[in-house]
Amino acid sequence: MKAHLMYRDRDVDLQAKPAPGIPDLVQDLSLETVFDAMGAGDPYLRDVAQRVVPVGLQDPAAIRYRQEILADCIAQPQIVRRIYALAVSAIEGERHVWGFTLRYPEGVLHRSVEVLGIFRDHLRDLRGIADEHTEGFHSEGFRVLFAMLGRELEDAYLASIAEHLRRLQFRKSGLLMSARLGHGNKGTQYRIHMPFHVRWSLRGRLEGWAHKLMGGEASTFVYELDDRDEAGFQALQELRDRGIAPVASALAASTAHILDFFKMLRAELAFHIGCLNLRERLIAKGDPVCFPDPTSTGECLINARGLCDLSLTLNMQERAIGNELSAERECLVIITGANRGGKTTFLRSVGLAQLLMQCGAFVPAERYQAGVCSALFTHFRREEDAAMRSGKLDEELSRMSTIVDSLREGAMVLLNESFASTNEREGSEIARQIVRALLERGVKVLYVTHLYDLAAGFYRAPPGPAVFLRAERLADGQRTFKVLEGEPLSTSYGADVYRRVFKAPAG
Amino acid sequence: MRCSILFDTPDEQLLAERREFPECFRDLNLDQITEAVTEGREAYDLLPIFYLPLSRVEAVHYRHQVFRDFSKPDVFACVASFSERMRGVRAALVETSKLYCNLQKQREHLDTVGGYCEAVNSLTRALTLSDLGSSGLIRLRQCLSEYTVSAAFGSLAAETESLQADLSAIAYAVRIDGKRIEVSRYGGEPDYAAQVLETFAKFRQGAVEAREFTFRSRSVMNHIEEAVVERVARLFPETFSTLARYCDEHRDFLDPVVAEFEREAQFYLAWLEYLRPLEKLGLSVCYPEISQDARSSHCFDTFDLALAHRLLAEKGTAVVNDFELHAPERIIVVSGANQGGKSTFARLIGQVHHLAGIGCLVPGREATLPLVDRVLTHFEREERVETLSGKLEESLERMRMLLARATRSTLLIMNESFDATTVSDAAFLNREILRRVMERDMLCVCVTFLDELASLSDRTVSYVATVDPEDPATRTFRVVRKPAEGLAYAMAIAERYGLTYERVKERVSR
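Chains A and B supply the protein sequences, listed in that same order.
The opening residue of the first sequence carries number 1 in the working numbering; numbering runs sequentially from there.
The opening residue of the second sequence carries number 1 in the working numbering; numbering runs sequentially from there.
For reference, chain B alone in the conformation it holds in the complex (with noise of 0.2 Å):
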């Protein structure tokens, strides 16, 4: 039985197994929401879901209900406590695979097959009282249940248990001699540290100035170790035979539709731990709704994730944006005041298509949105040394690139492409690439100071972003649909950095 609670079918699964990391991440700061959400998960390895997006609606939607389930504080606990002992027990299989030591090896193995009966008993237990209501977790929890009762499983619970107490009973005696180890039934020899401390205590004095040797644990037994438990392994000679049988019997308990399950959860539970303290900031999350191929598309009240989370870090105010497409606009223009708002709102758009493409909930009160194929950028990129060639010639190979891999359900990012260069030149170049987009049918974001492609055709509507009219180099970071106003405010930045002649002149000193 096919347990996924990530893909509802099994190609859209293979599909998902290409995982190149997707060249927009930089620029639209998804690299840093994933390496955030999935931060102390590493070992799940789930970066590679957060870069594909899915390829059909019914498997977004199959990613949404179960997202519906994950957010039942019930069902959010049990899982994410019984992740939280699954950890523990994948984090002593690898340590006990370090080991040589069979004995120890043994111990360890016989404790964490302890840790995973608990763990698999308590979640079935959890899920079976709980309501589900996503096809995804109604037939893994089926597949547990079918698991727990069963006869390998109730046996594997029951000779843990009592292997585990035998163990813990057990006492020994050791005497070092030279080169010479006795090892022996304790025979109930009081404590001589105990009898030397009582004997020179008298003599104690204040705090001496001496260097502290520290005797670290090792987790590894050396060859010394070893030759004392196995000889406390003869004195005990039915105990141990017990122990060996034991993990001959139970060498891979780990049930793989336990195992697949456990690193899956992580999505739903990382995500959902990601979005929880936006909240704090009156954000809202919510299920776009996804169509194939929408003419017209809207996300409401929407923002920019990793701006929100650094603004909850430093105790900001979030803003939030709009942004709506109707029939046949398929570029939108955002232009006006420097520090406006513009990159995060184009950033913005490129997220929270991404994220609907992955079936995740996404930043805003209410949307509707395209499933696109991929997002591309072209954000300015540094110049390197290495690569000999100027930036426009770069900039222009780049873009040739993205194009060249664009279809009709591609989302192209644009941020201030070839401004390195003349006002005419970036006039020309971004007309000439647009009037490219517009032929390919592609969703675009375009960024730019050229006011004047607002207005470029039908398929294009301008965004601008406002300041204050009050206080023109205040900025409000609102981005709003209406039409190029022409307006930047440089100098007025430049004054609040005290860079105009006047204030550069007091500041250096002579």
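Bound-form chain A, shown alone (with noise of 0.2 Å):
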């Protein structure tokens, strides 16, 4: 039993260790903003979250596949979070009887019995929602799914399980046993005995409650359960348990099973859950959103209108200001201008927009086309390694090295800020040959950069077809967070901030 809501012909791999890049993509892009919102509290949905989103899909029918499915999703969110939640309650289900019993035989037989009851429940209503909605859904991922729910749990075979729901009871003899007072007055050397000897025949009794008539000190003394005290049997039961194992074990594979295909199951639809999620927050504060046209794989195409960066908006109350990009074949976009001025959100807005499109996700944007890149990665500046392994034009080098290692044609390469650890003429040197490099080998680059010494030659002579984007500021100094086509500008206004924050006079 199958649910290929991710994939026409595989299972979402949940375990697949994360692509070299990924961590640093999370952070350069502010993911775990985006996984945040898409887990909307649930720390399950922000983990599948966190694991499917940065596996991008190469291929453009790939995608179509997985946004037809979501399109099914957000056409019916209700019917979908319900067959979620059925998912869910089964686990939790299973989840909360009473694991706590799991050390013992004769537990883990009781448990297996109560979950068996209710997984039987939850197949029995899943199959219900499949003959109930298959109407409204019209993606091939959910047809075939729902097609499969009524074929497999017909209910003959939901009849058959029920016949499995009875069975074992146990005797329980009296046991003997001694022991000495071990850790903190813990028993401790348990040995059994047989109760052969003379104290304990009718004879021996019968003498002791004589003794003890006759005003003798008592030699034993008695404890009872009450018939409602579960603990206390579980207690004894602890000393009486070693017999039933087997059996138990055998039931506890089988539950097993059904419990992965539910967790499959939820799997499967985490993530368009996820997505179900983010949308109605951009939905909310009104940020634009669409699914996005993904073209044939590594064209150096970008059409975006209208585009937002997603983990600030997120972060915002206001709707967040939309940025336009429109590049045909041109590989190289560079971004320079003022400080604080918008360029890593419009550069981190570019790369979620890529990433969310090749998840099988939409964008915020108006418009979004692209062309599906072989993989994306970032480069930004970072913080000193608390390693201390290398300097910091090392780190960084080191940190490009990785990037080059894992790059083919085709990948999309954001740089923010790369190279500047060292002084703006050799900086500039560094980066203009690995640039160049790049885009000889088909990798599209995105570079947001100071250096003036860079931006200003490529502007001058530009490697390749190239775009020149400048964060917009006005004669007065203030910012719109725009940022639009323009040449390099020399200097970043550097002394407008140091006045601002110490206040000091201008000039």
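Any given hint could be a false lead.
List time: in silico SDA-like cross-link candidates among lysine to any residue, alpha-carbon distance up to 20 Å [unchecked claim]:
id, chain 1, residue 1, chain 2, residue 2
1, B, K179, A, G182
2, B, K505, A, R441
3, A, K503, B, A404
4, B, K179, A, E230
5, B, K98, A, G187
6, B, K505, A, E409
7, A, K482, A, G286
8, A, K482, B, R398
9, B, K98, A, G182
10, A, K503, B, M401
11, A, K503, B, K98
12, A, K503, B, K505
13, B, K179, A, R228
14, A, K503, B, R398
15, A, K503, B, A427
Hints were generated in silico from the structure; no laboratory data involved.
Put the two chains together into one complex, using the hints given.
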């Protein structure tokens, strides 16, 4: 039984090791914010988002397969959430059945019976939803899933499960053991004895009672458990529990198999539910949302209108400022301009949109059309490495070198103030050589930089078709957070900021 | 009698109770260092001792003396073994407090007291035989001797021993039948399990595939165990009433002087344990000469402690450096090769000053240092979306707040501040900040690629990260006092990482 709601031909793999570069991507694009929004407080949804979103699809057809399933979810959110809730409830139901007794064979047995009861009810409800709502779903993924549920969970099968739910009683027999006082006066050195000694025979007992009736000192003290004292019986159980282990483990294995089915269903739906959560957030604050249009792999095309930085907008009350980017065949985008002008935000917005498109989700834009890239990498400036293994430039170069190891044609690299940790002249030279080589190898490069030497040099003599953008700064020094086409300028207005912070006079 | 081995006066102790985490710790890697130092000693809450510099030179000397005593092998060994035992006592007390069965509590308490008496006795014996030089430890030894010869302590030890013997002699029988449990004296019945094993031994085959059920032993008694032990107590009434009386009488047995010493000793033990392996790298540590306001200072053959410990793990070789300030010099400007050890150099200066201020031995062969009131650091921070403000503004804002707290006894360490901007902006901003530093007469270390800052005034002195003259791509990690050269070797390093035009083209596959 499979629920292929992520890939046409395979299960979603939540255990896969993240590809190199993903931790950087998560940090640089502030993906944690996106995962939080998708999770909407549910740690499981968040975890799935975290594992699935950075793993891009490379085939436009695979992206569309997932987009169609997500479109069904957007059209029928209540039904999809009900299916998800069923899977969760089955899993939670299992989890809440007294896992406490799992160490004891008899506990395992009772528990398995109870869990199977819960599972049977949930399987029945699941089939009910599939029967009732098949008509409302149009995507290939959902149609195949619903057909399978109807076929595999027919009435006769559900009845056969009920058959297995009656079993096993234990005869309680007397046990005699001895012990000594160990740590904290707890019993230790337990040994079991046959009650053959004379004082345990009927005659011995009668003598004991007679002795007590005559006013002698008692030699036996009795404790009797209350019939409702479950914990007490459990404690007693511990002493007798070793015999029934094999039966208990066989039944436990069957329940584990059904549990895996529900876990798989939950995993396949979790990404889509996360997307529903994210979409509700964006719609509520009036941000634009659209399904992107993925074009064939490796194209340099990016056509974006009203494109917002998803991580940023999720952190704000008001609507985000949208930007445009129009690159038909330009594989190099250089972004320069004022500090605090929205350059990083712009870069992040493109990276996030690309990532969202490639995991089959919608994007926060009025329109986003782009070539599918073979992989996405980010190289943002970092705080100094706590391991002290390297200086800043080394740290940057070492990260870049790791990226180069994974790069192939059709990839996209986002550089944010890379190579500024040495002086401007040398940083520019390093950057120039790397960027040229990447472009010639068919890698798309978006580069936010303060290195005027680099940006101006590329402007005068572009290494290939290129777009130059600049963070807008009005004549009075105000930033609009708009990124517009424009030639690199030679200063970063650091003096402005200094005067504002230290309240120093101008000039 | 006051027996603190950490503070020479109550006032100093009071000051130290302000326990905020110094912001510089992370930048200076003092967080890594102190975490490593206190690892395994978390329960003693030692970190605050490392946070705040002492306010007087005498307080520093007081700790130096105690350190010298702890450096003697016999003293170190007896205190280490004492603290090991006391750790056991504390852990047992915590465990016992979680229990609710009185009979269990009582027995745990008895055994814990037994451990405590032994720990105190052997520490006192050992200290009496040691040759002590510090006023702190001599005072402490006096306190301990008075305590161990007291009548209260003597009878505690004797009662404990005799009760332990009585209890371990008890044996009893339990019979379970349905919901009925009977407890009686053990009548010498033979072991049934052994009989059963023997009877069926002939059937035993190879291993079978079976799930193994393990029976975990919990520390807390369930009420069935409780019911059983209560009945055992009724079978042996004299022993158990003695135990109950004993516990009532000796509820708070832990002497406050002993407890305080146990905690304070950890500071010294931990620091000496942390320094000890450095010898293997040929590194030395020393007692710095401290003065309240030294205008000239130096430290020779010093090194970054966190880095040295990393090298120990990786079996690398350590590089040592010197720094000196001769009046009127107040600002060390570090420039030169990338990855030439500039940040490490700045960091170690911060570490040495802070560590000297808390009375520790410092890395280095010989040192004279001022007592600084705090070390402030301005290192590059990562940009966060949540702040929604540009990095330069945030960076300047941080600098403004640092300067607002600085005094003339403050050491400021700037590590490539403001370099996220253009060369001309960076030069302008660094000059402005250094001007403010000089106005306040602060101590300062400034790491920068702007070599022009090194010759700003007679208060600045230039240090340069050097490279191997034979091969400019090889860093020596030596930072030396000499005029700035304005040389960076970035392309040579890019080459080393395979990031030149030709190499990148080769490496990116089609």
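Do the alpha carbons of K505 (chain B) and R441 (chain A) lie within 20 Å of each other, as the hint requires?
-> holds, 7 Å
Pair hint outcome, K482 (chain A) versus R398 (chain B) [Cα-Cα no greater than 20 Å] = Not satisfied, since the Cα-Cα distance of roughly 27 Å exceeds 20 Å.
Holds or violated: are the alpha carbons of K179 (chain B) and G182 (chain A) at most 20 Å from each other?
-> This hinted pair is violated, its Cα atoms lying about 25 Å apart.
Is K179 (chain B) within 20 Å of E230 (chain A), Cα to Cα?
-> Distance of about 11 Å is within 20 Å: holds.
Keeping to a limit of 20 Å between CA atoms, is the pair of K482 (chain A) and G286 (chain A) held or broken?
-> Distance of about 19 Å is within 20 Å: holds.
K503 (chain A) paired with M401 (chain B) [C-alpha distance capped at 20 Å] | holds, 13 Å
Given pair status - A404 (chain B), K503 (chain A), alpha carbons within 20 Å | holds, 14 Å
Between K98 (chain B) and G187 (chain A), is the straight-line Cα distance small enough, at 20 Å or below?
-> Holds, at roughly 19 Å.
K503 (chain A) and K505 (chain B): Cα distance at most 20 Å?
-> violated, 49 Å
Has the given pair, K503 (chain A) with K98 (chain B), been kept, meaning a C-alpha gap of at most 20 Å?
-> Given pair K503 (chain A), K98 (chain B) is violated - Cα atoms ~59 Å apart, limit 20 Å.
Do the alpha carbons of K179 (chain B) and R228 (chain A) lie within 20 Å of each other, as the hint requires?
-> holds, 11 Å
Satisfaction of hint between E409 (chain A) and K505 (chain B), Cα-Cα up to 20 Å | Roughly 11 Å separates the two Cα atoms, so the pair holds.
The structure fails hints 1, 8, 11 and 12 (numbered hints given earlier, in ascending order).
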